[in-house]
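Chemist: Below are the chains, spelled out letter by letter.
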Amino acid sequence: MRLRSFWHDVKKYRMFLLMLTPAVVFYLLFAYIPMAGIVIAFKRYDYAGGIFGSAWNGLDNFRFFFDSGNAWQVTRNTALYNVAFIVVNNALQIFAAILLFEVGGKWFRKIIQSSLFLPYFISWVVVGAIAYNLLNYDIGTVNAMLRGLGMEPVDIYNTPAYWPFLLVLVSAWKGLGYGTVMYLAAITSIDTEMYEAAEIDGANIFQRILKVTIPNLYPTIIILVLLAVGNIFRGDFGMFYNMVGNNGMLFSATDVIDTFVFRSLITSNDIGMSAAAGVFQSVLGFATIMAVNYAVRRYDKDRALF
Amino acid sequence: MSATELNADKSFAKTSGVKKTDQKIFAAIGYGALTIMALLCLLPFLLVVSSSLTSENKIITAGYQFIPTDFSVEAYSILFKYPTEMIQAYLVTIGVTIGGTLLGLFLTSMTSYALSRRDFKWRNGFSFFFFFTTLFSGGLVPWYLLIVNYLHMKDTVLALIVPLVLNVFYIIVMKSFLGGIPEAIVESAKIDGAGDFRIYAQLILPLSKPALATIGLFLALAYWNDWYNALLFVSDEKLMPLQYYLYKMLGNMDGMRKAMMGAGAVVTTAIPTESLKMAMTVVATGPILLAYPFVQRYFVQGLTIGAVKG
Numbered sequence: 001m002r003l004r005s006f007w008h009d010v011k012k013y014r015m016f017l018l019m020l021t022p023a024v025v026f027y028l029l030f031a032y033i034p035m036a037g038i039v040i041a042f043k044r045y046d047y048a049g050g051i052f053g054s055a056w057n058g059l060d061n062f063r064f065f066f067d068s069g070n071a072w073q074v075t076r077n078t079a080l081y082n083v084a085f086i087v088v089n090n091a092l093q094i095f096a097a098i099l100l101f102e103v104g105g106k107w108f109r110k111i112i113q114s115s116l117f118l119p120y121f122i123s124w125v126v127v128g129a130i131a132y133n134l135l136n137y138d139i140g141t142v143n144a145m146l147r148g149l150g151m152e153p154v155d156i157y158n159t160p161a162y163w164p165f166l167l168v169l170v171s172a173w174k175g176l177g178y179g180t181v182m183y184l185a186a187i188t189s190i191d192t193e194m195y196e197a198a199e200i201d202g203a204n205i206f207q208r209i210l211k212v213t214i215p216n217l218y219p220t221i222i223i224l225v226l227l228a229v230g231n232i233f234r235g236d237f238g239m240f241y242n243m244v245g246n247n248g249m250l251f252s253a254t255d256v257i258d259t260f261v262f263r264s265l266i267t268s269n270d271i272g273m274s275a276a277a278g279v280f281q282s283v284l285g286f287a288t289i290m291a292v293n294y295a296v297r298r299y300d301k302d303r304a305l306f
Numbered sequence: 001m002s003a004t005e006l007n008a009d010k011s012f013a014k015t016s017g018v019k020k021t022d023q024k025i026f027a028a029i030g031y032g033a034l035t036i037m038a039l040l041c042l043l044p045f046l047l048v049v050s051s052s053l054t055s056e057n058k059i060i061t062a063g064y065q066f067i068p069t070d071f072s073v074e075a076y077s078i079l080f081k082y083p084t085e086m087i088q089a090y091l092v093t094i095g096v097t098i099g100g101t102l103l104g105l106f107l108t109s110m111t112s113y114a115l116s117r118r119d120f121k122w123r124n125g126f127s128f129f130f131f132f133t134t135l136f137s138g139g140l141v142p143w144y145l146l147i148v149n150y151l152h153m154k155d156t157v158l159a160l161i162v163p164l165v166l167n168v169f170y171i172i173v174m175k176s177f178l179g180g181i182p183e184a185i186v187e188s189a190k191i192d193g194a195g196d197f198r199i200y201a202q203l204i205l206p207l208s209k210p211a212l213a214t215i216g217l218f219l220a221l222a223y224w225n226d227w228y229n230a231l232l233f234v235s236d237e238k239l240m241p242l243q244y245y246l247y248k249m250l251g252n253m254d255g256m257r258k259a260m261m262g263a264g265a266v267v268t269t270a271i272p273t274e275s276l277k278m279a280m281t282v283v284a285t286g287p288i289l290l291a292y293p294f295v296q297r298y299f300v301q302g303l304t305i306g307a308v309k310g
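Those protein sequence lines, which keep their order, are chains R and S. Position 50 of the first sequence, counted from 1, bears residue number 50 in full-length UniProt numbering, the numbering being contiguous throughout. Position 89 of the second sequence, counted from 1, bears residue number 89 in full-length UniProt numbering, the numbering being contiguous throughout.
Hints in this document: simulated from the structure, not taken from any laboratory. Take these hints with a grain of salt, some might be off.
[Stated by the list, open to error] As a list, the in silico BS3-like pairs of lysine-lysine whose alpha-carbon atoms are at most 27 Å apart:
#1 S:Lys238 / R:Lys12
#2 S:Lys154 / S:Lys20
#3 S:Lys154 / R:Lys11
#4 S:Lys209 / R:Lys110
#5 R:Lys110 / S:Lys81
#6 S:Lys121 / R:Lys301
#7 R:Lys211 / S:Lys209
#8 S:Lys58 / R:Lys211
#9 R:Lys106 / S:Lys20
#10 S:Lys209 / S:Lys58
#11 S:Lys121 / R:Lys11
#12 S:Lys24 / R:Lys106
#13 R:Lys110 / S:Lys20
#14 S:Lys58 / R:Lys12
#15 S:Lys121 / S:Lys190
#16 S:Lys81 / S:Lys58
A quick note: this is a predicted structure, and the numbers were derived from the prediction, not measured.
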């Protein structure tokens, strides 16, 4: 009986099912089958045996990953970079959005917004080229300026200490326009009566921003930040790879889980350890997303992810 | 004019007539800070363009500069003298961008449409099936091995198109847009005897132009700027997309020399590698920058709609 009503539904919804087929096949193939492929992390992969035919080797891949000393370094780097990106990027985006809302005429606003948005449209490869142009030891603009001022040039590509600042700066630079638009949209949807009331109460412009604009942005800020926190163990591969590449001199400060996994897979062909590091990342990521979702549910049920 | 700009004009500072001291101070900070931020966003582009137009000697002795003091178009003349590889890379990128964007739009809208129909009993189940893939993944390794060893997509154009063609985020955005279309439209079409696919193709698609434009732009930008899938899956030089070609050339001067010679250049003088790098960057970025003022407007509208809808 149950089965019959199931087939009845299949028939009833056949057009929808047909329309969903390409996407279902796509995600089965490229998302769900790779999830099953997690078993690679527990195997000694060989090409003859493939994913399911290779011999098991228990937790050896994980042990190797953790014993190598890389696990802690890449996990720490990934999390710390993301925390810095979240704080700096959101602060700058909110700052820019508030200013953009409060000052300037139509043309000024248009020009500024277009300028801020420009970096968002170029590829990380081009950003890498721009960085090289600025930071190169012999001919980079930064060092040309330093020499021009009679100062010592700095060897940026060989000095890990500069990179946390540079990467945070680049991330802020590329994401500024996009985030500013998001926050600007949130600010423009604030009820103007609140501003009028604040004005009547004698608030000056700074008080108005602190007491009206920013509190009204809290829901947006919290959601955007929490979404970003959920991805705290995912590195932006494009940025790290194009800014740093395979420059081993900088790994202590720049290696994140994603670049480590990529290198282990492609460069050193260490499939087992690479898979283990990937599983470690997925599990950490999943746990954070669940925690974040729980937090959002408690804060505002309607805004929870699921 | 976008909704953002319209509403921004409601900003209270402009309606209150007389400017007070605090507003003057604020305006000074505001104009100053925004101008500095905008300049910081623009200047690196100026630097690249200017470097590409500076003679190699000047770059090597004085470094890259914001204003070309020793103007030279040598880099561009070399680039355009032997453009075979560059043109090939352009063709790959254009083809992949057009094909991928159209296919992506079709699949995204069709999927979202089925998920948006309230009379489809299993829509929540399917939505979760898609959404779950953003929460958990098998990681790079199984995905890579599947594509290379099992689907044999290495060095095929499929490897450049397929990985980016569907994106759960776009499905969700599209679904929430379609949710805003009145159900009565679908109902009346059904009474007129239209099938579900026909309703999608002839009624819903024309009504979702704004959403299609926004998602189409996101897709096109992702395809145009993609180099990652090429890094993983492409070793055949004929299949290199533009950004990956640029990546290879930037990192490998010998490769650049070889490419120039392979294209028929008789290398008698030294190739101006530094200015050539920057000229290549300009040429690879050019179309995006030209399309940018047009594209940006739609982007802002799309983002604004997305932000308001939550």
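Chemist: Next step is simple, just say for each hint if it's right about the structure.
Modeler: Comparing the hints with the structure gives:
1. S:Lys238 / R:Lys12: violated, 48 Å
2. S:Lys154 / S:Lys20: Violated. Lys154 of chain S to Lys20 of chain S sits at ~65 Å, over the 27 Å cutoff.
3. S:Lys154 / R:Lys11: violated, 38 Å
4. S:Lys209 / R:Lys110: holds, 24 Å
5. R:Lys110 / S:Lys81: violated, 39 Å
6. S:Lys121 / R:Lys301: Roughly 24 Å between the alpha carbons, so the hint for Lys121 of chain S and Lys301 of chain R holds.
7. R:Lys211 / S:Lys209: violated, 39 Å
8. S:Lys58 / R:Lys211: violated, 54 Å
9. R:Lys106 / S:Lys20: Between Lys106 of chain R and Lys20 of chain S the Cα gap is close to 21 Å, so the pair holds against 27 Å.
10. S:Lys209 / S:Lys58: violated, 50 Å
11. S:Lys121 / R:Lys11: With Cα atoms ~12 Å apart, Lys121 of chain S and Lys11 of chain R stay inside 27 Å; holds.
12. S:Lys24 / R:Lys106: holds, 18 Å
13. R:Lys110 / S:Lys20: holds, 25 Å
14. S:Lys58 / R:Lys12: violated, 73 Å
15. S:Lys121 / S:Lys190: holds, 17 Å
16. S:Lys81 / S:Lys58: Holds, at about 22 Å.
In summary, the numbered hints that this structure violates are 1, 2, 3, 5, 7, 8, 10 and 14.
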